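Got two chains here, each in a separate frame; can you build the complex from them with the hints?
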Amino acid sequence: MIYLDNAATSWPKPAEVLSAFRSAMADAGGNPGRAGHRLSLEASRRIEGSRRVLARLLGLPDPTRIVFTLNTTHALNMALKGSLRPGDHVICGSMEHNSVARPLHALERAGIEVTRVRSSPDDGLDPDRVKEALRVSTKAVVTCHASNVSGTVSPVRELGALCRAHGVRFIVDAAQTAGSLEIDMEAMGIDLLAFPGHKGLLGPQGTGGLAVARGIRLETLVEGGTGTASESLDQPEDLPERLESGTPNTPGIAALGAGAAFVLERGIGAIGAAEARHCAILVDSLSAMAGICVTGPSPGRPRASVVSIVMNGADCAELAAILDGSFGIAVRAGLHCAPAAHEELGTLPGGALRISPGAFTTDGDIEACLEAIEAIRRSFQ
Amino acid sequence: MSGAPGGREGRHSRQVAFSGIGPEGQRKIAEARVAVVGLGALGTVIANGLARSGVGYLRLIDRDYVELSNLQRQLLYTEADAREGLPKAEAAARRLVEVDSGIELDPRVSDFGPDRAEELIRDVDLVVDGTDNLETRFILNDACVKAKLPWIYGGAVMDHGATMDIIPGEGPCLRCLMPEPPEGQDLPTCASAGVLNPITGIIGNIEVVEALKLIVGTERPRKTYLAVSLWSTDFSECEVERDPACPCCGQRRFEFLERAPSHAVVSLCGRDAFQVMPQSTRDMDLALACQRLSAAGKVRATSFMLTLEVDGRELRLFRDGRAIIGGAKSRDQALSLYTEYFGAD
Numbered sequence: 001m002i003y004l005d006n007a008a009t010s011w012p013k014p015a016e017v018l019s020a021f022r023s024a025m026a027d028a029g030g031n032p033g034r035a036g037h038r039l040s041l042e043a044s045r046r047i048e049g050s051r052r053v054l055a056r057l058l059g060l061p062d063p064t065r066i067v068f069t070l071n072t073t074h075a076l077n078m079a080l081k082g083s084l085r086p087g088d089h090v091i092c093g094s095m096e097h098n099s100v101a102r103p104l105h106a107l108e109r110a111g112i113e114v115t116r117v118r119s120s121p122d123d124g125l126d127p128d129r130v131k132e133a134l135r136v137s138t139k140a141v142v143t144c145h146a147s148n149v150s151g152t153v154s155p156v157r158e159l160g161a162l163c164r165a166h167g168v169r170f171i172v173d174a175a176q177t178a179g180s181l182e183i184d185m186e187a188m189g190i191d192l193l194a195f196p197g198h199k200g201l202l203g204p205q206g207t208g209g210l211a212v213a214r215g216i217r218l219e220t221l222v223e224g225g226t227g228t229a230s231e232s233l234d235q236p237e238d239l240p241e242r243l244e245s246g247t248p249n250t251p252g253i254a255a256l257g258a259g260a261a262f263v264l265e266r267g268i269g270a271i272g273a274a275e276a277r278h279c280a281i282l283v284d285s286l287s288a289m290a291g292i293c294v295t296g297p298s299p300g301r302p303r304a305s306v307v308s309i310v311m312n313g314a315d316c317a318e319l320a321a322i323l324d325g326s327f328g329i330a331v332r333a334g335l336h337c338a339p340a341a342h343e344e345l346g347t348l349p350g351g352a353l354r355i356s357p358g359a360f361t362t363d364g365d366i367e368a369c370l371e372a373i374e375a376i377r378r379s380f381q
Numbered sequence: 001m002s003g004a005p006g007g008r009e010g011r012h013s014r015q016v017a018f019s020g021i022g023p024e025g026q027r028k029i030a031e032a033r034v035a036v037v038g039l040g041a042l043g044t045v046i047a048n049g050l051a052r053s054g055v056g057y058l059r060l061i062d063r064d065y066v067e068l069s070n071l072q073r074q075l076l077y078t079e080a081d082a083r084e085g086l087p088k089a090e091a092a093a094r095r096l097v098e099v100d101s102g103i104e105l106d107p108r109v110s111d112f113g114p115d116r117a118e119e120l121i122r123d124v125d126l127v128v129d130g131t132d133n134l135e136t137r138f139i140l141n142d143a144c145v146k147a148k149l150p151w152i153y154g155g156a157v158m159d160h161g162a163t164m165d166i167i168p169g170e171g172p173c174l175r176c177l178m179p180e181p182p183e184g185q186d187l188p189t190c191a192s193a194g195v196l197n198p199i200t201g202i203i204g205n206i207e208v209v210e211a212l213k214l215i216v217g218t219e220r221p222r223k224t225y226l227a228v229s230l231w232s233t234d235f236s237e238c239e240v241e242r243d244p245a246c247p248c249c250g251q252r253r254f255e256f257l258e259r260a261p262s263h264a265v266v267s268l269c270g271r272d273a274f275q276v277m278p279q280s281t282r283d284m285d286l287a288l289a290c291q292r293l294s295a296a297g298k299v300r301a302t303s304f305m306l307t308l309e310v311d312g313r314e315l316r317l318f319r320d321g322r323a324i325i326g327g328a329k330s331r332d333q334a335l336s337l338y339t340e341y342f343g344a345d
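Chains as they are written, first to last, in this note's numbering: chain A, 1 to 381; chain B, 1 to 345.
If we strip away everything but chain B, and leave its shape as in the complex, we get (with noise of 0.2 angstroms):
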């Protein structure tokens, strides 16, 4: 990278004007490693931000592929990605090439399951959260806090969104906030409580500022677990305190990383599709998860299963919690899909 004083050929003298950055912090940012987890809304603010400040090195993890339904608030997707199905890794480094070709960007279509996780944050100084669900979150702090390496957690939903900066060693981990991720049954997910696209870009724009405060290394990061309710303007801050006592950060057992995956999925032969089985069993009350799923797209039940129609493709849930997903192109997009729509658990 070039020690010209406005970043290469001047690209990035606005933000070294700024006081916060300047030459240095330019420099930093340039020799930065960063991984994005998850490429939706968050995801696509965050690792465009991060790319046009300059940051050297970006690997872009989702295990999904891009559809029409995303394109209200994923910013670096366009109708032509979601007819070729691209997947949203490839068609983020795709565009964000067209933007900077002298950073580094490096693709990963994969889950961030606990098999994969510590691999997929290695050689980075930092992860920035753009997942969609609390499960992997959890998986997210277990690698990090192992790695002892630092990671800024954001996560929106409607008008709601939060972030907290989690630095390893320093102050508290997500499970110090919430020893274990709440039942997902009844969690809102943006595929039935919808979400707005500012929210998911004042999130992610701030999980880029901490992220580049953190490169940068002048400012000390926030120290707040920040919430943000934009219908209503309300903007709240509080302190969270290091439990000594967090399995994960206090008694460094990860516990998540340990975890047999989540669900089950099998291949279904002869066609598209993939059954997607949640460990534990659930007892679902299919009328009322119709009425959930109401705004996703076109859905019916009967008393045995019920049938989403969304983006062209027919997902089945049945009262067991068990769900066929047709048309995925892969068990980790049958699994997204089952996340999105039928909640994470």
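In isolation and in its complexed conformation, chain A is listed as follows (with noise of 0.2 angstroms):
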């Protein structure tokens, strides 16, 4: 199998995170923050390491401002409905993946005003754009750092010190960046960041969490049980715990922390690199076949790791479908839960083919990917 869906899910991982996930099951088995006894302790040190990583990669101070969740769904949700209220104006870009998209229309719907702006497939969200639409009721800007669809990367840092200009929170969704490109929270101005464990990070489906840069406090979606403060019914003010209600997915925060210092380990640079080396082949190679269209960044032009394609005469799913069954390569057809991106790209209904090369991908691979897609061609005409 060469495994080519990465900004789906980053496949395989390493050695390190799967026996972090068994020695939490295996050794530190008790419930965090609930107990004083061994187990519970140990599973608390464990959670609170990964936590240290994960604030170290992304460039905040303090490590309790690192809140864990589901994934970066639910924390977009967390940042978007924990920020906004009934009359606030909200600004995000037009390549949003559904994750930003889907809550936004339910919150304007809730009362909450949204102005979707051009992003450009060559640099994402414009900050002169922005800051036309910005308005004295404008609570928050929200946008992916990097495109799931295309690749393109938007200009975070820009936005980020036009967001704090204007007193702005800046929600930004790292989905497809965290672990492949560098992320400093502080120096890029981010309030509240969303990432997943599961893709750039190389840990487990199942895990994620938000950012939450200081001075900036949430309402939020959940309450319950933190193991602290249990003798007020008021959910407590402190980070983690008044984002973190319930036992918490301990083993896969185990992994999490272990695949975030296994990218540090390597260098998110290093990492970068070599995907962006891997994109460029594509990009290139791709570009050159009759009746392939690349969508995404001109060559040059930053871009996670993903590279999205269509065919003449042939429909992607159907070239996913082959290019499984036929080749054993796995990538990813379809409109990829952002239509608003497909729709920038002039990629509706069909959608594209997307191939995302990861943190383990070789030459190889790269090379095998561009003889089937080449065979696929040839016997489409």
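Hints listed in this document are in silico derivations from the structure and should not be mistaken for laboratory results. Heads up, a few of these hints could be off.
[Unchecked claim] Computed from the model, here is a short list of chain B residues facing chain A with C-beta under 10 angstroms:
(1) His160
(2) Ala264
(3) Leu268
(4) Arg271
(5) Ala273
(6) Met277
(7) Met305
(8) Gly321
(9) Arg322
[Stated by the list, open to error] Chain A regions said to be covered by chain B (calculated; three or more residues, Cβ under 8 angstroms):
(10) 312-326
(11) 342-351
The structure displayed is predicted, hence computed values, not measured ones. Cβ coordinates follow ideal geometry from the N, Cα and C atoms, glycine included.
Encoded structure:
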């Protein structure tokens, strides 16, 4: 199996991730933060260890402001619904994933005003256009760091500076970038950053988090037991407890910490550079094939590790089925839960075929993929 | 229901006059609750026969929608049903309520899969088989033996047909006859090998007679497996022994109810299409499949993919046995089209 669907879930995982998962179950099986016995303390220690690694990786000085969630979608819902009230105005890009688009649509029906600013396939969300859309009532700007369809990277540093200058909350969906592109929340002016555990951070599915900058307070979506201040019926103010009710996914979080540590050890720069090189080979070679159109940023522009293509006369779902069934190559076809991005790229309604290299992709994988696509292309002629 | 000698307002007088039924038999028929699983060629014959005989409650189960290619043999449907794309269960109920508004018709638009089978046969006295594939019959057999519910097996393809009464606790079950379903990919289906409407009429009507006999309870149900080859006018019967070691009726292990679904069905965003993937991968010869399907519709194949155009939709089959079913309204319909054209396995 040649796995090129890392933008959906990275695979394989480092051995350290599997052993951290197993060890959390075998050696740290207590309920973290809920008792004083050693298994409970050991469970807490694993979770707090993961918090520290993630805080370091994301440029957040205080690890207690890393809140663990089910996934990026969960974190984005917490950030958006915990920040916005009826009458507020929010600005987003035009290539957002449904994890942003659907919560915003739901909020719109609840009386929040949403402005969708055009994002360009080359440069993503343009700070000048965002600036023009700002209003007195603007409470937040939300964007994907990189599009999961085209790989287009938005200039988060400039957007963060703009938001900071106007006192607007800046919320970033880092689903496609955490672990592959450098993120420094403080330097980039990011207030709330939602990240997945199971993609670039090489952790398990069902893990992710919301990194909350200093001074940012969120209303809660979920209240419940935190193991602290139990005498009060009010949800505690302190992070992470305020936003982490109920027993957490200790093995998953421990494994996510191991994945993040692996990424830091190998270096985000090194992983990102390897992925970028594989993407560049794909873009160059596929662009040269007749009848294939590569979407997304022009060569030389920044690109997260996704290359989406359409082939004349072939449906992308058919291409994906053939790549899997006849060549053992896993890619993803369709709309990738981001219809707005496909609209921007002109790939509605059929969608595109997305090839996403990861931290363990080899040159041989890329060559095999290109040869398979060429063989399929010829079969359609 | 009425106790009048001829059934309600004499509606059933001609069959009440038949000595095998009589007024008492008719009363039992009016009280009977019967499920018909599958409403294709066989199932419409069965539902039609049972409804007109006055069966008081008929549950009509099918996951599929009416299409023009059904009308050659599926006798409850019309061109208007096909144009509207009605679910077969709904279309059958609409037709039969026009025939007899005094019976209860309970249409269920549903797959008869392992998860739903037991619920779908709850609270009936008898199940009659109108399905078009063996996989479903093994599920039906498990569900009925488990519930100790009699069912009547029937199948037809080309000019051949076969039927057998299955009475749990008394006679053999389907797995006594055939321990496992044969490998699907070589089996002829009605779509690939064709089917004549007289054979589904004959087998369906024999199933109706056996159902009536079971309901009335005076005549012993037929104890044989009956096979018919119509083109050569060949009728043959054989006795089937109950197998004490049968995993189903002997050991009461209901493996087909416990099985994971045989196919994974995934909806493809942005289009009316589903990918159907058999749990066990195949290695298909697409050129051979192309020949087999040439009668079913317009078919072409490359080395990687076969495209079948039929009833205004495109079905694509890949070498590993997966298919992309275009123009399907639901997962169940996609599965049904897969089974129809690419064989159950």
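Now the hints, each set against the structure:
Given the 10 angstroms rule on beta carbons, the hint for His160 (chain B) is violated: about 33 angstroms separates it from the nearest Cβ of chain A. Nearest Cβ of chain A to the Cβ of Ala264 (chain B): about 13 angstroms, over the 10 angstroms cut. The hint is violated. For Leu268 (chain B), the interface hint holds, the least distance from its beta-carbon to any beta-carbon of chain A being 5 angstroms, beneath 10 angstroms. Below 10 angstroms, beta-carbon pairs count as interface contacts, and Arg271 (chain B) has one with chain A at about 6 angstroms; its hint therefore holds.
Given hint, Ala273 (chain B) at the interface with chain A, holds; its Cβ is 7 angstroms from that chain's nearest Cβ, closer than 10 angstroms. Interface restraint check: Met277 (chain B) against chain A, minimum CB-CB distance 9 angstroms, threshold 10 angstroms, status holds. Proximity of Met305 (chain B) to chain A holds as hinted, the smallest CB-CB distance being about 6 angstroms (cut-off 10 angstroms). Because the beta carbon of Gly321 (chain B) sits about 8 angstroms from the nearest beta carbon in chain A, less than 10 angstroms, this interface hint is met.
Given hint, Arg322 (chain B) at the interface with chain A, holds; its Cβ is 6 angstroms from that chain's nearest Cβ, closer than 10 angstroms. Counting residues of the segment 312-326 of chain A whose beta-carbon sits less than 8 angstroms from any beta-carbon of chain B gives 8, enough to reach three: the coverage restraint holds. Figure legend: the segment 342-351 of chain A, annotated as covered by chain B; annotation consistent (5 residues with Cβ-Cβ distances under 8 angstroms, at least 3 required).
Taken one by one, the earlier hints fail for this structure at numbers 1, 2, listed in ascending order.
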